[in-house]
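*Asks:* Sequence:
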Amino acid sequence: MENTIKRKINVFGKVAKIITMIIIVCLLVTEGFMLAGGIIIACVPKDSVTVDGTGTIDVNVNTEYFGLNGEQFYVNTGSGHIALGEISTGSLDVKNENGNLNVNGDFRQLHFDLNDGMLMLVYGMVYVAAIVVALFFFRALMKQFMVCDSPFSEEVVKKMRAFAIALIPCMATVQIMKSAISAMQGGSFHFDVDMISVAFVIIIFILTMIFKYGTELQKEHDETV
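Mapping of the sequence shown onto my numbering: position 67 corresponds to residue 67, and the numbering continues sequentially without gaps.
Hints are computed from structural coordinates only; laboratory data are not their basis. Incorrect hints may have been included.
Claimed, not checked - Quick list of in silico lysine-lysine cross-link-like pairs, DSSO-like style, CA-CA up to 30 Å:
no.: 1; residue 1: K143; residue 2: K8
no.: 2; residue 1: K158; residue 2: K17
no.: 3; residue 1: K219; residue 2: K143
no.: 4; residue 1: K143; residue 2: K212
no.: 5; residue 1: K158; residue 2: K143
no.: 6; residue 1: K219; residue 2: K14
Stated by the list, open to error - Pair by pair, the computed Cβ-Cβ distance ranges are:
no.: 7; residue 1: L217; residue 2: A42; range: 52 to 58 Å
no.: 8; residue 1: V44; residue 2: V133; range: 29 to 35 Å
no.: 9; residue 1: E220; residue 2: N3; range: 32 to 38 Å
no.: 10; residue 1: K6; residue 2: M118; range: 20 to 26 Å
no.: 11; residue 1: I5; residue 2: E220; range: 38 to 44 Å
no.: 12; residue 1: N3; residue 2: L28; range: 22 to 28 Å
no.: 13; residue 1: F12; residue 2: L217; range: 20 to 26 Å
no.: 14; residue 1: V29; residue 2: V198; range: 27 to 33 Å
no.: 15; residue 1: N3; residue 2: A42; range: 22 to 28 Å
Note that the Cβ used here is the ideal one computed from N, Cα and C, for glycine as well.
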């Protein structure tokens with residue numbers, strides 16, 4: 001029975017390690033494409049591509065990706081948003097139906113140029129880089145599960161704690177970058193806290209304490225035997 005459980009844990013660690021590595025490689029490839037795109041945009045004059053819109057327009061967007069805050073029309077970035085333009089609320093009809101935001105009114109200003117594209121690209125690169133860093137720590141944890149004789153071991157606890165700690169600067173970096181982009185667009189610099197991410201980190205720390213307690217019980221049991 002004990003060997004069966006150990007084998008399942010090792011197999012789980014091996015499979016999770018392989019899947020994590022595949023995800024890391026995909027994200028690194030994505031990072032490379034974004035870096036190449038950023039270099040191209042940096043070499044092109046910023047006014048070479050601009051998009052401006054005025055007049056009456058009917059917009060139907062999915063609120064999972066876009067939204068409206070007052071007069072600001074924005075794109076969601078997971079833990080925050082980046083403003084794209086302003087909408088005149090005087091002649092605006094907004095309806096939220098079945099997850100779709102239906103906007104019918106007068107856009108007094110909708111401007112997009114390569115500067116906006118660069119900001120979104122930089123944010124995407126930082127976000128992907130933060131995920132990759134966290135995944136490397138997660139991969140180390142799964143590698144430990146792959147070779148451990150028991151999940152209640154000091155090495156597993158160390159790797160789990162390292163993974164939990166690594167999530168903190170990753171989240172902070174993404175939030176700071178999002179706030180910096182908002183400030184560069186004329187908004188105020190404010191640091192938002194993503195409660196879902198915070199809850200996830202807290203859960204990892206709680207699991208770390210549980211595994212540490214299990215490790216101590218395992219050690220006491222081995223010394224008694």
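*Asks:* Identify every previously stated hint that the structure contradicts and give their numbers, smallest first.
*Replies:* Violated hints (numbers, rising): 9, 10, 11, 12, 15; every other hint is consistent with the structure.
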